[in-house]
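Asks: Sequence:
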Amino acid sequence: MDPQTPQRRPGPPHGADRQPPVVVGVDGSAAALRAVEWAAAAALSRSAPLRLVYVLPPLDRPQYRPGGSRHRQAVAALDSARRTALRSTAELESTAPLDIVVDIRHGHADRELLELSRSADLIALGAADIGLFAHMVLGSTALAVSRAARCPVALIRRTPAGSGPVLVVVSAWHTARPALRHAFRAAAALRTDVVVVRLWQGRSWAAPGYPAPVGAVVSDARIRHCQRDFPTVSVRPITVVGDAVSAVERFSSAARLVVIGNDGTVDYPSRLRRIARDLVHHAPCPILLIPDAPAALPHTSAATQPRTP
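The opening residue of the sequence shown carries number 559 in the working numbering; numbering runs sequentially from there.
These aren't lab readings, by the way, just hints derived from the structure by calculation. From the three backbone atoms N, C-alpha and C, an ideal C-beta is built for every residue, glycine too. Warning: the hint list may mix true and false statements.
[Stated by the list, open to error] Restraint ranges, calculated between C-beta atoms of paired labels, are given here:
hint : residue 1 : residue 2 : range
1    : T797      : A654      : 33 to 43 Å
2    : Q621      : D801      : 29 to 39 Å
3    : E649      : L617      : 33 to 43 Å
4    : P624      : R832      : 13 to 23 Å
5    : Q631      : R780      : 40 to 50 Å
6    : H732      : S804      : 19 to 29 Å
7    : V799      : R623      : 23 to 33 Å
8    : D618      : S721      : 43 to 53 Å
9    : G800      : D618      : 49 to 59 Å
10   : E673      : W758      : 30 to 40 Å
Throw the hints in and build the complete structure from the sequences for me.
Replies: Structure, rendered in structure tokens:
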């Protein structure tokens, strides 16, 4: 066996029940290592394996094959990420050791991550504040993945603060419910509170004197319904009217994590989608984007099994 080939722990037999993994995109950067630290803690809290993925370009050249210079670079980056994950979780309370799988794939990063999202519990991506070009690349990749991913996508820009609440931004109930559950789940793992920012869409009038029906903000009763499985987590609802983007930016500055749903479409972006896009570029803390009720997809071998480097 090539000594540079990443080693994988043996998993359960094919077809056996297994917790979906937390997937992290690795590229050797400091931003990716921050994402690894965050994702390792998330994997432990979910009792899920951590899958570290390095994507090489889809080019059939010597440097990208096993033993080639770029392939060795990928192996080294994955080894560094594995050590980072183990070191960062060494002092965390857990009943089981962190299960780590490494994976070198060939293709386009966004397409590979979207394929992996079919069988993942969560995807985490690092985000760096290093110039306009990197900023545009980050936004392009992150938005492409978050728009079509079949699982939640976490974007880790900086090292998370050691204190502060989990902030969840909600609008329509069909996207609020999964976002709320993910927020309460994260807050329970972080042992912190939840702040719910409810966006009020305002009134719409079909004709003078005849108000068109408008969905109300997510009610306190619905928030309590999502909270019932997390009785130790306190919650504080806030209703925002007017400039939602500025309000969310202000609240996120003191948060440990921002959770937001992803409603609307690419052609007709909703108010919530526009806020999510702004958070991708400017949020000072990690953000977790929740897909809009993803349809169940069959687990294919290509999506569920690591590729051989």
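Asks: Confirm or reject each hint.
Replies: Verification of the supplied hints:
no.	hint	in the structure
1	T797 with A654: 33 to 43 Å	holds (41 Å)
2	Q621 with D801: 29 to 39 Å	violated (50 Å)
3	E649 with L617: 33 to 43 Å	holds (41 Å)
4	P624 with R832: 13 to 23 Å	violated (44 Å)
5	Q631 with R780: 40 to 50 Å	holds (49 Å)
6	H732 with S804: 19 to 29 Å	holds (25 Å)
7	V799 with R623: 23 to 33 Å	violated (58 Å)
8	D618 with S721: 43 to 53 Å	holds (50 Å)
9	G800 with D618: 49 to 59 Å	holds (55 Å)
10	E673 with W758: 30 to 40 Å	holds (38 Å)
Checked against the numbered hints listed earlier, the structure breaks hints 2, 4 and 7; every other hint is satisfied.
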